[in-house]
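Novice: Given next are the chains, with one letter for each unit.
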Amino acid sequence: MLDYKRLKILTESAKYDVSCSSSGSARKNTSVGIGNAAFSGICHSFTQDGRCISLLKILMSNDCAYDCQYCVNRRSNDIPRTTATPEEICDLVINFYKRNYIEGLFLSSAICNNPDDTMVMLVETVRKLRQEYRFNGYIHLKGIPSADPKLIMFAGELADRISFNIELPSEKSLKLLAPQKTKKSILLPMSNIAGEYKQARSMRYGKFLPAGQTTQMIVGASPESDGHIIRLTQSLYDKFSLKRVYFSSYVPTNYNNPNLPVTKVSLTREHRLYQADWLLRFYGFSAEEILGENENLAEDFDPKCGWALKHPEFFPVEINTAPAEKLVRVPGIGFKSAYKIVSARKYGNLSLEDLNKMRIVMKRAINFITCNGKFYGTENQSTVRHTLLITDSCALKQMSMFTDIDNAPAIYGGEI
Amino acid sequence: MTKYVFDGTHDGFFTCIFEAFSTKNFPSDISDGADQCEIGDIPVYVKTDKTKAERVVAGIKKAATKTAYRDIKFAMHSGKENKYFTCFSYAVYVIKNKTIDVSRNFSENYVLRFNDLIYAISQEIHRFKGFIRFAESDGNFLYAHYSPDNDITAYLMPHFKSRLKNYPFVIHDTARNILGMYNGKDVATVYAGNKTVSVFLSENENYFSELWKTYYNNVCIEERKNERLMKQFMPVRYWKNLPEKKDEAPF
Chain A
5 MLDYKRLKIL
15 TESAKYDVSC
25 SSSGSARKNT
35 SVGIGNAAFS
45 GICHSFTQDG
55 RCISLLKILM
65 SNDCAYDCQY
75 CVNRRSNDIP
85 RTTATPEEIC
95 DLVINFYKRN
105 YIEGLFLSSA
115 ICNNPDDTMV
125 MLVETVRKLR
135 QEYRFNGYIH
145 LKGIPSADPK
155 LIMFAGELAD
165 RISFNIELPS
175 EKSLKLLAPQ
185 KTKKSILLPM
195 SNIAGEYKQA
205 RSMRYGKFLP
215 AGQTTQMIVG
225 ASPESDGHII
235 RLTQSLYDKF
245 SLKRVYFSSY
255 VPTNYNNPNL
265 PVTKVSLTRE
275 HRLYQADWLL
285 RFYGFSAEEI
295 LGENENLAED
305 FDPKCGWALK
315 HPEFFPVEIN
325 TAPAEKLVRV
335 PGIGFKSAYK
345 IVSARKYGNL
355 SLEDLNKMRI
365 VMKRAINFIT
375 CNGKFYGTEN
385 QSTVRHTLLI
395 TDSCALKQMS
405 MFTDIDNAPA
415 IYGGEI
Chain B
20 MTKYVFDGTH
30 DGFFTCIFEA
40 FSTKNFPSDI
50 SDGADQCEIG
60 DIPVYVKTDK
70 TKAERVVAGI
80 KKAATKTAYR
90 DIKFAMHSGK
100 ENKYFTCFSY
110 AVYVIKNKTI
120 DVSRNFSENY
130 VLRFNDLIYA
140 ISQEIHRFKG
150 FIRFAESDGN
160 FLYAHYSPDN
170 DITAYLMPHF
180 KSRLKNYPFV
190 IHDTARNILG
200 MYNGKDVATV
210 YAGNKTVSVF
220 LSENENYFSE
230 LWKTYYNNVC
240 IEERKNERLM
250 KQFMPVRYWK
260 NLPEKKDEAP
270 F
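Protein sequence lines correspond, in order, to chains A and B. Just so we're aligned, residue 5 is where the first sequence starts under our numbering, counting upward by one. Just so we're aligned, residue 20 is where the second sequence starts under our numbering, counting upward by one.
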């Protein structure tokens, strides 16, 4: 069994992976088994950084053969190393799971010897957990770039979700900061999985990766613009039918490298990228609508407000007649509010007072809507802008306590 | 000010609605007798009548979608003081407007307040699917204690039963002394009255809860600390029953 010391090493090395979601799979328990997966996902605890703990996020090994410069586990970094056995991981998962500490396992690993050896180790652990320990809870497995495709496909039949990390938003940055990884070695397995996933869905054998695949990229370690990142994200959703793209603000783990920023990257930027990602996935926006190729997202208001300010011709929207997909484009109105409005207006025309009662964020919405044809806001663009800023300041303040705004200059002026 | 007092049962509650419509004396509050009457209250004691209750239930089912009746039963599990009156007002509103189904009219205060109850209970059920913490007892069953705001134990049982099929377990609501029990086959939820429950833990238990704390303390990224956000997702009042947070809990 893993002791405290080794658990600590393997946890600390795994914590920079941001994904911890356990949603998207409805795997059922078996008569002799333990566990199932909840489609909506369940959070079991929250750490002091405000992130949820849903899965036991752990590395099989942190003894890495690679030397990626942004990574805490790089070969050249002097930290304690250890490797767990498949049995140790399985025992820990079962014991945590039955106490309801976790929803399942998120297993990743540093590159032990070579990609194939590592992937064999990961797949063997997951196989044991499913077939010998009869575990039916959620399993998220990290794919190792350049590993044998057959191993990856086999893993796909056991796990609920697989993710390959894009790591950096461009090939150029990848070459500079992660020389042993190539764009092809990451994208090829992703496209293989996407093909298999589509086939499994169309033939309805469904067992292959019920929760699909995701990816993660580090933001701020390299100079790509938000416009570039959002376009890349959109094409990943389109091409590989990814479930999620995660962004991770760069946290310095390597102070001696001229290619990397030494201060940590603004969390507001990450926050804004996630907001834009939400617009892509749920609100029917396209990357091109959100911002230009070389632009960055505004720090002081969210991307939906940004879009609304640039498109006065779309507004005002009439609350009593506009379809739901138009309503959700109004600042201050999200899916919950749109649902309430659409349900309530069946009973009669809604007045401004009704909207207030329904707790629609009127401060933001007022300048973009009409109620029964009447406009209650102001036409003055700078006032409109100002109200959006003020209502968002709360969120900003919350972030700014631990945000250093500027970071990038170091890297822009550097070698890249 | 008329205040209805009933026996706290479902049938009793629906009988109150019947009384209100038949006497045209609509109360300004309604209570299960647990709280004191205030000065100015005129208590009306309503005697539970199954036939009357059934007529009201049939009326609600006719006036609105099937979910409205189910929602009222669900909302009665709320821990809020005014839950009976909120449910009462909602039911009365739905019945009075029986020609159109108004159960989803969110611009009406009765519906909004009722919906708040439903939302709070559903949210807490979802949260405790994650925040329940079992400990292994030396009697080879799993035991969890917690004190939720709402009476939700019965709603958690099916979830844990399907997960822990082969592990008998007990979920103990210490605020209400209600026990949800699963013996490996059947589920039962019972009220333990003023009896106390004592459980002896297995030898391993301490080892695993310490391992869990080790994990919890090391998975946090120090540079990104945001305690306010953590507390928003995991309210401090729940901490006393979580092994990883127990030491920081204020009471």
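These are computed hints drawn from the structure, not numbers from a lab. Do not take every clue at face value.
Unchecked claim - Some but not every residue of chain A turned toward chain B, in silico, with C-beta under 8 Å: (1) 12; (2) 15; (3) 38; (4) 40; (5) 43; (6) 52; (7) 54; (8) 57; (9) 103; (10) 290; (11) 354; (12) 358.
Note that the Cβ used here is the ideal one computed from N, Cα and C, for glycine as well.
Novice: Does each hint fit the structure? Answer for all of them.
Specialist: Against the structure, the hints come out as follows:
no. : hint : verdict
1   : 12   : holds (5 Å)
2   : 15   : holds (4 Å)
3   : 38   : holds (7 Å)
4   : 40   : holds (5 Å)
5   : 43   : violated (12 Å)
6   : 52   : holds (5 Å)
7   : 54   : holds (3 Å)
8   : 57   : holds (7 Å)
9   : 103  : holds (5 Å)
10  : 290  : violated (30 Å)
11  : 354  : holds (6 Å)
12  : 358  : holds (4 Å)
Comparing the model with each numbered hint stated earlier shows that hints 5, 10 do not hold.
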